[in-house]
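As they're listed, the protein sequences go chains A and B. Letter by letter, the first sequence follows residues 1 to 493 of my numbering. Letter by letter, the second sequence follows residues 1 to 493 of my numbering.
Misleading hints may appear alongside valid ones.
So these bits of chain B aren't anywhere near chain A, every CB distance computed over 10 Å [unchecked claim]: (1) F80; (2) Q109; (3) E194; (4) R236; (5) E322; (6) S337; (7) G435; (8) L444; (9) T459.
One side of the interface only, derived from the structure: several residues of chain A facing chain B at Cβ under 10 Å [said to hold, decoys possible]: (10) A94; (11) R236; (12) E317; (13) A319.
Calculated from the structure, these hints are not laboratory results. Glycine included, each C-beta is placed from N, C-alpha and C at the ideal position.
Protein chains: 2
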Amino acid sequence: MSKKSPVIAIVGGGVIGSGWAARFAENGHNVYVYDPDPDAFEKAARTLNNGRRAYIKLNLPSSRVRAKVNFVSSLKQAIFNADLIIESVPEDIAIKTKVYFEIERYASQSAIICSSTSGILPSKLQQKMKHPHRLLVAHPFNPVYLLPLVELVGGQQTDPRMIEKARVIFRNVGMHPLWIKKEIEGFVADRLLEAVWREALWLVKDKIATTEEIDDAVRFGFGLRWAQMGVFETYRLGGGEAGMRHFLAQFGPCLKWPLTKLIDVPELNETLIEEIAKQSDTQSGQYSITELEQIRDDNLVAILHALKHNDWGAGKELALLEQNYQALVVEKKQDISHPVRTLEQIVPVEWTDYNKHMNESRYLQCFGDATDALLLQVGVDADYIENQGSYFTAETHIRHLKEVVAFEKIHITTQVVSASGKKLHLFHRLFHSNGSLLATGEHLLIHVNLVTRMASEPTDVIVRSITELVKAHTQLEIPEGMGRFVGQSINQS
Amino acid sequence: MSKKSPVIAIVGGGVIGSGWAARFAENGHNVYVYDPDPDAFEKAARTLNNGRRAYIKLNLPSSRVRAKVNFVSSLKQAIFNADLIIESVPEDIAIKTKVYFEIERYASQSAIICSSTSGILPSKLQQKMKHPHRLLVAHPFNPVYLLPLVELVGGQQTDPRMIEKARVIFRNVGMHPLWIKKEIEGFVADRLLEAVWREALWLVKDKIATTEEIDDAVRFGFGLRWAQMGVFETYRLGGGEAGMRHFLAQFGPCLKWPLTKLIDVPELNETLIEEIAKQSDTQSGQYSITELEQIRDDNLVAILHALKHNDWGAGKELALLEQNYQALVVEKKQDISHPVRTLEQIVPVEWTDYNKHMNESRYLQCFGDATDALLLQVGVDADYIENQGSYFTAETHIRHLKEVVAFEKIHITTQVVSASGKKLHLFHRLFHSNGSLLATGEHLLIHVNLVTRMASEPTDVIVRSITELVKAHTQLEIPEGMGRFVGQSINQS
């Protein structure tokens with residue numbers, strides 16, 4: 001992906017700007033960041049580190065495309081070669097207008113310019129631009145490298161083709177662009193957030209609840225719902241089988257109740273700021289900001305993985321991204337005179353156990369995945385499984401030779417020992433990236449008819465490709481450790 | 001738990017009432033439900049089924065305590081024996097007052113009475129009661145069997161000891177009771193929800209976004225954040241290292257912006273209801289309500305598991321519940337003249353693969369867990385591992401004999417084949433609950449010093465208990481299949 005990926009420039013390297021940088025670099029785009037603050041790089045480093053950490057845990061095959069974030073010392077240097085320029089400077093229209101003036105001086109004609117503003121109308125932002133047709137709002141959410149949502153909003157002078165182009169770029173880095181067709185302050189998400197925020201401020205000010213109690217009311221309740229379904233889909237279920245109409249009829253009258261205080265806005269004066277900050281310290285002060293960010297990221301990664309497994313919502317975006325990378329890394333027809341490379345993997349931290357190394361069952365998981373990759377290569381693909389049959393493992397022997405810990409890179413090579421009729425005998429070697437042998441897996445597989453669940457003959461096509469592999473691999477040495485039984489002494493083997 | 005568990009009565013068997021019933025029954029409490037609607041049982045069955053389904057997937061050892069939901073034909077029958085009575089009738093103070101009158105006629109003196117109201121003040125609810133001191137609000141969130149939050153609110157006449165008692169009961173079924181000390185319409189969560197709801201209605205009415213777009217703005221963005229941290233803790237991170245004070249100073253001015261329309265409430269007239277219902281059909285109409293509920297529940301289960309793994313938020317509650325059950329099911333000193341029972345498990349659906357059966361790596365996961373259970377029994381506990389050492393698996397042999405599919409019950413028995421010095425040789429048998437042998441696992445383990453990561457001698461205490469097991473188990477037959485190598489023919493064995 002990296003070769004033809006658009007080049008990204010970020011102007012402003014704060015929490016949002018560096019979040020953008022992490023998102024694009026982790027997904028193979030060269031990124032140039034400019035920020036006039038001399039400490040900008042140092043401040044951004046925290047977010048970039050968090051992004052790297054999160055992507056290792058996301059465990060996408062994106063490590064092959066990962067690109068660099070370049071901090072440069074002038075705006076010109078950052079943008080002159082960029083296809084997409086993202087402005088992430090403070091929410092002040094005067095500052096932003098000045099930045100656009102600078103950007104227009106140096107940007108290429110075809111560059112798209114996006115503002116990260118969370119509330120200012122794009123029509124206002126583009127008012128003084130020379131080429132306003134290429135400005136749009138692309139409003140992301142913190143942490144930008146993990147949350148998929150980006151709101152796209154054009155102004156009166158924006159060319160919709162620019163929004164289309166931007167949309168493709170954002171999709172390619174795993175985001176969910178939401179094109180909001182009508183301009184409004186705060187767009188969609190921040191209007192909802194602002195409503196909650198104002199209500200929450202009242203609850204603290206009126207001493208109904210502390211910041212911690214309010215947060216608990218969110219994360220033990222509706223927050224769990226909203227990680228996977230939104231406001232309306234959730235309420236559709238509140239009405240039971242009768243659905244949305246019933247819900248609206250039943251709960252409509254509540255709108256007349258004085259359930260919120262939002263006819264008015266609390267004044268955020270020193271007293272209230274102090275009160276909230278104090279409560280927040282009590283609630284979260286035992287963690288540093290970086291610790292809290294990493295806890296948040298670990299939770300988001302785990303939630304994204306959970307939803308990916310269910311092929312739903314934000315997890316679906318992740319699955320799509322993974323497919324893109326897998327398509328990228330499909331190797332050319334391999335040289336079969338050697339054992340076949342069937343797996344590459346960074347050890348996720350959740351694969352480790354109380355002994356602080358990869359749990360024994362993950363060895364078999366890797367060997368199982370390697371078997372699947374080998375089978376795919378000889379033609380046992382989704383279509384074959386749907387219509388012809390599959391291979392089941394009948395017997396397994398594993399030698400756990402060395403430990404491996406979280407974040408280390410491992411790979412597997414597979415030797416086809418023998419095959420006859422329904423039987424297939426494989427020998428996997430699991431290596432550390434430093435070349436040391438971590439484990440071996442020896443497996444006997446049986447071809448099975450998935451309807452009768454009984455042993456059956458593979459098709460001729462499969463037999464042919466397996467035979468080819470067996471011929472090549474019987475030229476290789478018999479693997480050390482093959483044919484062992486558990487507890488066999490070395491001189492017995 | 002079930003023996004001394006309080007008896008629960010639910011008055012009103014709608015989505016909330018039957019959700020309560022599922023929560024309590026799945027956690028071992030006998031539940032009696034009364035609802036005057038003759039179709040109540042049929043309607044509630046959907047929620048009870050969903051609850052059962054979700055708890056199987058939650059995979060707690062709660063299957064041992066699971067109790068019954070009894071639908072009874074009179075309020076008296078439901079409540080006369082109950083320790084906790086939950087009212088879940090429509091949000092109408094006249095109806096609720098009448099129900100409390102009936103409840104007070106038949107309830108035991110010591111019973112606690114909870115209202116599920118989402119907005120009415122407890123002081124109003126208890127106004128006409130004879131014994132108002134025992135009424136409180138216990139406001140849960142749909143689906144009640146999965147979401148941990150329950151808001152507890154007392155009225156002017158409520159005895160705080162009643163709230164304390166209720167809190168313990170709710171904690172014991174895995175909930176997170178949030179005691180709100182100051183009465184206010186809508187309490188805390190529903191005030192926040194109401195704010196979002198009103199803003200969302202405006203967005204639809206003003207045609208800024210459809211219900212689907214609004215939902216996407218939630219579930220691809222801040223909904224993911226709120227599943228694990230709340231409003232304030234999230235914003236604390238928006239301020240970078242400077243934290244909450246910086247965030248408030250930076251974003252305070254936004255409060256002056258016209259970011260929400262909540263100075264006014266949209267009229268939920270026929271036109272708007274029709275518009276929303278139509279959009280909701282377009283968005284979610286391809287699923288039945290039951291399908292959508294199960295998708296939601298699968299997502300919530302997966303998110304709860306993800307957070308449990310990270311020991312955070314709602315996942316921490318789940319971990320706690322699991323520990324409670326594990327403490328419950330610690331068996332008395334086993335009869336060691338037989339192989340030791342070391343695992344019981346319902347196969348979770350996420351353990352199955354494209355062959356529609358339990359993936360091969362899960363066999364080793366089960367054997368690994370069984371090994372851990374055996375080691376725990378001989379004294380290798382957290383304290384031993386912290387200070388003395390641990391066992392690492394050096395070699396594994398698995399015979400995959402029969403398939404097993406999702407939701408089936410399995411168990412493992414473990415025979416200690418031999419032990420000498422650092423070596424420990426185990427033989428596991430994995431059975432289906434119908435008694436058929438699914439797989440065997442033969443393992444050689446080595447005792448290791450966790451500092452040097454080298455083989456080392458176990459302590460005398462461990463040696464003694466292992467020796468006792470070996471002595472007993474060498475009286476048993478040598479397991480069929482032991483000592484096999486992969487591909488060994490039957491007459492070779």
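Here's how the hints hold up against the structure:
1. F80: holds (29 Å)
2. Q109: Holds: least Cβ distance 32 Å, greater than 10 Å.
3. E194: Check fails; 4 Å does not lie beyond 10 Å.
4. R236: Label violated. Min Cβ-Cβ 6 Å, cutoff 10 Å.
5. E322: Given that every Cβ of chain A is farther than 10 Å from that of E322(B), nearest at about 16 Å, it holds.
6. S337: holds (24 Å)
7. G435: holds (19 Å)
8. L444: violated (5 Å)
9. T459: holds (17 Å)
10. A94: violated (14 Å)
11. R236: Constraint on R236(A) satisfied, holds at 6 Å.
12. E317: Holds. Min distance 7 Å.
13. A319: Violated, about 14 Å.
Hints 3, 4, 8, 10, 13 from the list above are not met by this structure, while the remaining hints are.
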